[in-house]
Amino acid sequence: MPELEKNYDAPTVEGKWYREWLDKKLFHAEARRGGNPFTILMPPPNVTGILHMGHALNVTIQDILIRWRRMEGRNVLWMPGTDHAGIATQNVVERALRKEGKTRNDLGREAFLKKVWEWREQYGNTILQQLKKLGVSCDWDRLRFTMDEGLSGAVTEVFIRLYDKKLIYRGNYIINWCPRCHTALSDEESVHVDTRGKLYYVRYPLREDSGKHLVVATTRPETMLGDVAVAVNPGDERYRALIGKKLVLPVAEREIPVIADDFVDPEFGTGAVKVTPAHDPNDFAIGNRHGLQPLDIMRPDGKMNENAGQYAGADRFDCRRRLVEQLDAEGLLEKIEDHQHAVGHCYRCDTVVEPRLSLQWFVKMKPLAAPALEAVRSGKIEFIPERWNGVYLDWMENIRDWCISRQIWWGHRIPVFYCGACGNEWAARGAPGACPKCKSGNIRQDEDVLDTWFSSWLWPFSTFGWPEQNPDLKLYYPTDTLVTASEIIFFWVARMIMAGFEFMGELPFRKVYIHGTVRDNTGRKMSKSLGNSIDPQAIIKDFSADALRFSLMMVTATGQDVFLSNDKFEIGRNFLTKLWNAARFIQMSGKQIDDASPDAAGPEALALPMINDSGKGRAGQLVPPFVPVGQGFPALSLTPDEQFILARLDGTIAACAENLGKYRFNDYAKCVYDFVWHQFCDWHIEYVKLPLGSGDEARRRESLRIMHHVFAHILKLLHPLAPFVTEELWHKMGYGGEDETIQNAPWPVPLGCEQLARLGVDQRAVAYVEMKHELIRVCRNLRTDCDISSSAGVRYIIRPENDEAAAQLSADRDSIKALLRAEAFEVDRAAAPQKALNALSPLGAVFIPIEGLVDVEREIKKHADQLAKLAGSLAAIERKLNNADFVGKAPPEVVALQQERRREALAQSEKIRRVIDLLSGFHPG
RNA sequence: GGGCGGUUAGCUCAACUGGCAGAGCGCCACCCUUACACGGUGGAUGUUACAGGUUCAAAUCCUGUACCGCCCACCA
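Here the first sequence is numbered in the working numbering, starting from 114 and rising by one per residue.
Wrong hints could be hidden among the right ones.
25 Å max Cα-Cα, derived SDA-like pairs, lysine to any residue [said to hold, decoys possible]:
hint	residue 1	residue 2
1	Lys-279	Met-478
2	Lys-552	Val-529
3	Lys-311	Phe-430
4	Lys-1024	Glu-914
5	Lys-775	Ser-491
6	Lys-587	Glu-185
7	Lys-311	Gln-242
8	Lys-359	Gly-404
9	Lys-930	Ser-902
10	Lys-227	Phe-258
11	Lys-448	Arg-351
12	Lys-479	Met-617
13	Lys-416	Gly-310
14	Lys-416	His-305
15	Lys-325	Phe-381
16	Lys-691	Lys-802
17	Lys-974	Ala-984
18	Lys-1024	Ala-984
19	Lys-416	Gly-221
20	Lys-783	Glu-771
21	Lys-215	Gly-237
22	Lys-227	Gln-242
23	Lys-279	Arg-542
24	Lys-358	Arg-320
25	Lys-654	Val-668
26	Lys-982	Ala-931
27	Lys-654	Ala-696
28	Lys-974	Arg-1015
29	Lys-359	Ile-369
What follows is a set of in silico ranges between Cβ atoms, one per label pair, in the way DEER data are often shown [as the list claims (entries may be wrong)]:
hint	residue 1	residue 2	range
30	Ser-807	Ala-937	16 to 24 Å
31	Pro-347	Glu-510	27 to 35 Å
32	Ala-989	Asp-916	29 to 37 Å
Think of the hints as simulated: they come from the structure by calculation, not from any bench. Glycine included, every Cβ here is placed at the ideal spot set by N, Cα and C.
Hey, can you work out the whole structure from these sequences and the hints?
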């Protein structure tokens, strides 16, 4: 057994065990293994990505689920991969080119794409390396990329199927256009940001009577150059007479009609709306209703085009400023008001999005949404926490068609071809040589590529080789739980569900666990631009990956946002150091035995489990308890404290399973934390120092064996949270052979009271130890109250409560004495509280018989205060019990509980009163 | 404009189906007790945002208010 270093040096991904996991393909799932599959898809990070806390939170949760299920013996597959992130990646590469003074057009499509692939070769794996440092145990051999050949094939296949079903169509519509990225965006990619803008009131003179004018209000005055009409509500009395009249559009000096449309809200602005069909979705609709020809006044780069007359070439915002000045100078600007409204921004570059009329490809979503809606409505797919069901359903019910074409180069090119000869348009796999209709070779492919999400939405099955049917796809689809953030419910989750039903005929996953957003401690979202992000790499360096994972889970309540600051990670670091030191303690104790009895089997043998968790036979089944260990050490009966720790361990095992099953990762982490620190370390290790230090060899070995049993279980319970250190300790403690990993150690199963009893765990002993702990706390308080230094030897006398307590205490005297570091601990049924400090415990009254140390007045006051407090709570209990409604309506067990409390409170008061009487007797007066 | 979440100890947050409001950090006192000072022992700290209501019983359920934060939305 390798000795543990005194200073805890956190194991890392560079360490021995992780490398071996990878070498041995421990994470590799195989269909032929069969069994009960458990699949998780890692949300593929962008190739351009670098690891941030959101990733860390996301993958830690998944890794916990995966390692837990792996230890349970499931056929586990965790699919990793990266996303080509069309616009984002293209932007990154273009930025690099710009530094060389070039644009993508200088290179041309082919050469540019070559550059992007080179970039991805060089930097695309950064995030994967970073993920490994966190200990994520995904199936690295299956790594996929959305631009891989297989996945690209799936994209083409899906496009063609939808195209043939007429669910994909091409048309001229108003889309969100990013003038910086030069591409269309989907509605989801345009993020609305509340902005303090201006509302400009502009006078449009009447043609017939230039002295009169109609005032329209607009937030984007530059678009007036594309106005083709002004609309008013047909019911609006103010304007009824103007309907059908002509106005002169200022600056452009064009004639435009006044039209009537129900869309116009008479309450807003002036009740008259300028109609600009080429630059506003509502106006586009109005224009269509009235047969008006749209007039495009802008270029793709956001500068005005030749239709803008004198403003041609001006940037849209520059144009706005100058145009307003001109209007003002001409007396056509009525007023400017402040106006709060939501403005769309490009989700990749934050540029203000321009609604723009253009020819794009769309997916008709309503038919796809139907089964996906049903799946969540019926509960076949569940969101956790539940409230996201509503968000999802709401979006799906109001789903709009999806704009999937992008005017960039990096991505899956739209597999549609056009014939220059006959005008034929068709979708095809591969590169056709000629038009299928007229056989002309004069064909060209559509220039656009598909939205990145058009490949991501196929991830649950494209990663398994779809459309090819194979054993992997059959076994591992559908997956189990999708773990992700709320930001991509619409982008990704909803679309995967739709694709799953459409192309696989089945849901892609059963559960969607939505975790919170990682924020800094002032509640702001962590982001590079704010400079408030905590770099997981730095945390790993300073605190270890295990500490990062453990701390994250400790502070993350289910589905709530996480507020982080550096010091939060001390929780995990301190805890894991504590664990390490507990291991050192056990190991040092083990060595003592080696030294003392050289013929005994080594400490490794001590780790023999008492309970059948070997993975063979029925889980949790008992093997004959207390298999003799080594030679000449017969099994002994368990001490009360050992029974106690085994009972608590069993409770912890049960609690872990329950919390994991409910995705309550913080409660899971907390219950292990509490058990390790406050049960095992605070009490059991302190307790066990006596038997381990005693000369009784058999007792020592037996105590040590229980320690190892409990500690091995702790490591297992902790492994999903802290994989590195638990693996390290698993081996260093000798629990696993050289080639065995804790990942394959069977997950502990709770035994329950009955089976525990067969092991020799008596609930009465468990109850006694609980009271013993309370007694020890009472004694320590007593000593503190009396200002006796903890190093001074103290003599305690206890007068036991009853015969049972007397027997238990007498048998356990030495242990209590040791835990108190007392000079003496005497059990005396006849002890009378002489001139002594005294206190009450569940097992009996305790005294420290030291004359002269007693401040009688203070003692009386102390007890009187206690009595008063007790009287208060007693009164509250009485009030309840005297309330006929309470007794009549509350459940019987709640009433019984109150009665029990009253009984206890009364008994306690009586005892305190007696003590006060006694103390008063000492009173000098 | 619609929807969702939050408001609990000095700070950051828990408290699953109503039944004695908890943890970590910080704070105070004492302690280098041979696993651990990234530690040990003990301690202090709450009108659960506010106002009503339901109930024997409310941090928890209902109604409303205030503030903070998200998401969605074509009122120019």
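Quick one: which hint numbers does this structure break? Sort them smallest to largest. Checked against the structure, the hints that fail are numbers 7 and 26, while the rest are satisfied.
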